[in-house]
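**Student:** Could you put together the complete structure from these sequences and hints?
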Amino acid sequence: MTEIRISGFGGQGIIRCGYIIGKAASIYDGKSATLTQSFGPEARGSACSAQVVIEKDRVLYPYITVPNILVAMSQEAYTKFESNLEKNGILLIDQDLVKPEKRRDQIKFYSIPATRIAEEMGNKIIANIVMLGFFTAVTKVITKEAGRKAIFGSVPERYIELNLKAFDQGYEFGKKLLSESS
Amino acid sequence: MKADPKRVLTGEHYLDGDHACAEGALAAGCTFIAGYPITPSTEVVERISERIPTVGGIFIQMEDELASMAAVVGASWSGAKALTVTSGPGFSLMMENIGLACMLEAPCVIINVQRGGPSTGLPTLTGQADMMQVRWGSHGDYEIIALSPNSPQECFFFTIKAFNLSEKYRVPAFVMTDECVGHMTEKVIIPEADKIELFQRRYTKLPPEEYLPFKPGPNLVPEMVKAGDGYRIHATGLTHDEKGYPVMNWEAQEKLVRRLVEKIRKNADDIVEYEEEETDDAEIVLLSYGISSRVAIPAIQKARAEGIKVGVLRLIVVWPFPEKRVYELSKKIKAFVVPEINYGQIVLEVERSVHGECDAILVPHGGGWVHNPEDIYRGIKEAVK
Chain A
1 MTEIRISGFG
11 GQGIIRCGYI
21 IGKAASIYDG
31 KSATLTQSFG
41 PEARGSACSA
51 QVVIEKDRVL
61 YPYITVPNIL
71 VAMSQEAYTK
81 FESNLEKNGI
91 LLIDQDLVKP
101 EKRRDQIKFY
111 SIPATRIAEE
121 MGNKIIANIV
131 MLGFFTAVTK
141 VITKEAGRKA
151 IFGSVPERYI
161 ELNLKAFDQG
171 YEFGKKLLSE
181 SS
Chain B
1 MKADPKRVLT
11 GEHYLDGDHA
21 CAEGALAAGC
31 TFIAGYPITP
41 STEVVERISE
51 RIPTVGGIFI
61 QMEDELASMA
71 AVVGASWSGA
81 KALTVTSGPG
91 FSLMMENIGL
101 ACMLEAPCVI
111 INVQRGGPST
121 GLPTLTGQAD
131 MMQVRWGSHG
141 DYEIIALSPN
151 SPQECFFFTI
161 KAFNLSEKYR
171 VPAFVMTDEC
181 VGHMTEKVII
191 PEADKIELFQ
201 RRYTKLPPEE
211 YLPFKPGPNL
221 VPEMVKAGDG
231 YRIHATGLTH
241 DEKGYPVMNW
251 EAQEKLVRRL
261 VEKIRKNADD
271 IVEYEEEETD
281 DAEIVLLSYG
291 ISSRVAIPAI
301 QKARAEGIKV
311 GVLRLIVVWP
321 FPEKRVYELS
331 KKIKAFVVPE
341 INYGQIVLEV
351 ERSVHGECDA
361 ILVPHGGGWV
371 HNPEDIYRGI
381 KEAVK
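Top line first, the protein sequences correspond to chains A and B.
In terms of the working numbering, the first sequence has 156 at position 156, counting the first letter as 1, and numbering is strictly consecutive.
In terms of the working numbering, the second sequence has 239 at position 239, counting the first letter as 1, and numbering is strictly consecutive.
Worth double-checking, as some hints may not be accurate.
[Claimed, not checked] Here are the simulated DSS-like cross-link-like pairs (lysine-lysine), alpha carbons at most 27 Å apart as the crow flies:
{"id": "1", "chain 1": "B", "residue 1": "K187", "chain 2": "A", "residue 2": "K31"}
{"id": "2", "chain 1": "A", "residue 1": "K56", "chain 2": "B", "residue 2": "K187"}
{"id": "3", "chain 1": "A", "residue 1": "K31", "chain 2": "B", "residue 2": "K302"}
{"id": "4", "chain 1": "A", "residue 1": "K149", "chain 2": "B", "residue 2": "K6"}
{"id": "5", "chain 1": "B", "residue 1": "K187", "chain 2": "A", "residue 2": "K144"}
{"id": "6", "chain 1": "B", "residue 1": "K302", "chain 2": "B", "residue 2": "K385"}
{"id": "7", "chain 1": "B", "residue 1": "K266", "chain 2": "B", "residue 2": "K187"}
{"id": "8", "chain 1": "B", "residue 1": "K6", "chain 2": "B", "residue 2": "K187"}
No lab work stands behind these hints: they were computed from the structure.
As the structure is a prediction and not an experimental result, all values here were calculated from the model.
**Tutor:** Here's what the structure looks like:
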């Protein structure tokens with residue numbers, strides 16, 4: 001079982017990112033994935049989070065308890081959710097938006113300037129998809145093919161090409177980072 | 001009758017429970033929805049309001065829930081397959097006209113995405129505390145049908161089932177889902193239209209001069225006509241005879257109310273549906289429904305790993321309650337363990353049905369979240385003591 005939390009602030013496409021991960025895992029990778037999300041006033045404009053539980057068979061308990069993977073795309077989200085990350089978990093951040101306060105030795109830590117890359121591609125709205133590509137390369141929780149397929153139908157049709165490019169950029173950045181560190 | 005391919009979104013989707021209910025309703029042939037959107041059920045009407053005009057049908061946003069339910073009763077009598085969707089506070093407001101739907105025998109479906117109560121309670125968080133209200137919330141004697149899904153996939157299928165049962169028995173049928181299931185997103189497989197069986201409403205073939213709108217037909221259910229088809233009919237919330245005219249005496253009351261109750265009670269074997277597992281040599285049977293039946297599974301697995309013989313009776317149809325089966329099982333087991341997100345509702349029905357043969361142990365939860373499986377596990381441990 002893998003428990004994932006994607007977090008940031010409202011409007012960054014955090015829920016969309018979680019949705020694509022869940023869709024990729026359950027429809028294209030043949031696993032089961034349950035997405036839940038924060039609702040209510042706490043999710044509007046401030047720290048916002050999407051949770052995905054992935055299982056080989058059926059997901060029984062739908063909520064995450066201690067996430068194995070945390071993606072943080074805002075300082076507030078990082079502050080709110082970092083302490084809950086599993087001891088040997090994986091932390092992914094947007095390095096321009098999150099300054100980690102303390103480094104936990106046991107966790108695996110990866111960073112990417114996702115929003116900057118998106119801006120260089122002409123639209124910061126795709127920062128979540130850059131992060132998704134990065135997430136895919138680094139965590140291998142979903143396959144690259146599944147991630148790309150799941151983008152179809154999940155973003156407006158006229159932006160599919162742009163989103164696929166954003167995914168690939170994030171993916172390549174992650175792959176490079178892994179090969180450099182190994 | 002098979003579903004209309006135009007209305008069925010065949011394929012594999014990643015949908016939340018609310019959206020899956022919407023697709024279920026469309027596949028079931030729903031042509032009319034009146035609603036007053038309320039959290040956490042809003043996504044159902046959001047999706048239907050976009051989709052229904054493209055497949056033939058009407059969505060009306062009403063001024064409140066009283067009007068929504070009234071419109072549903074009217075639409076049903078005009079020949080539509082009618083739906084409304086709500087949650088706690090709206091459900092309370094619908095009660096009067098739900099009684100009207102029972103009295104007029106208007107087939108219709110009501111989806112209640114339950115949230116924490118009482119009153120406005122917890123708009124964005126889950127609950128299962130409307131399970132007695134759905135059964136008894138309107139005044140007078142009547143029966144209804146209620147189903148309770150535990151996944152988006154079941155939201156799709158149970159909404160179709162609700163329409164079929166409602167059409168067959170001319171009674172309001174309820175999909176008692178909850179915020180957790182409504183807002184969780186999972187894979188939903190929508191089959192081909194020709195794999196979806198729909199019950200076709202029975203319309204009379206009699207000429208207008210011979211037709212009696214409340215004369216019982218097969219299964220004690222009268223045949224219908226559509227308002228506007230040339231039959232002069234009278235439908236009233238007052239106690240009525242087979243012609244539909246008000247009759248104010250006990251004989252008419254006895255005849256009518258008895259039939260309203262018996263058309264469900266006498267057909268309970270056809271309506272009741274549950275999943276049963278490992279009850280043959282069970283010591284304990286976990287009886288649950290909706291999301292609670294799902295988060296109970298890790299607790300059952302843990303108890304079984306310790307050698308405790310735990311069977312499962314998971315209700316698909318909660319009302320009518322499977323009292324016969326519960327009584328049969330009660331004679332060979334020690335206890336039923338009943339987790340539900342309330343302080344004791346369906347467990348009362350279990351207590352009633354076991355006639356003192358075994359214990360009924362409630363594992364309550366006040367609402368706002370689902371059970372921790374550990375709490376259910378402790379309930380099982382307590383039961384074997």
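**Student:** Confirm or reject each hint.
**Tutor:** Tested hints:
1. Distance restraint check for K187 (chain B) and K31 (chain A): the Cα-Cα separation of roughly 10 Å lies within the 27 Å cut-off, and the hinted pair is therefore satisfied.
2. Of the supplied pair hints, the one linking K56 (chain A) and K187 (chain B) holds, its CA atoms being roughly 13 Å apart against a limit of 27 Å.
3. Distance check on the hinted pair: K31 (chain A) and K302 (chain B) sit about 23 Å apart at the alpha-carbon level, within 27 Å; holds.
4. With a C-alpha separation of about 25 Å, the suggested pair K149 (chain A) and K6 (chain B) falls inside the 27 Å cut-off, and the hint holds.
5. The suggested pairing of K187 (chain B) with K144 (chain A) holds, with an alpha-carbon distance near 19 Å, which does not exceed 27 Å.
6. For the suggested pair K302 (chain B) and K385 (chain B), the alpha carbons sit about 16 Å apart, so the restraint of at most 27 Å is met.
7. Between K266 (chain B) and K187 (chain B) the CA atoms are separated by roughly 37 Å; this puts the pair beyond 27 Å, and the hint is violated.
8. The suggested pairing of K6 (chain B) with K187 (chain B) holds, with an alpha-carbon distance near 21 Å, which does not exceed 27 Å.
Hint compliance for this structure: hint 7 alone is broken.
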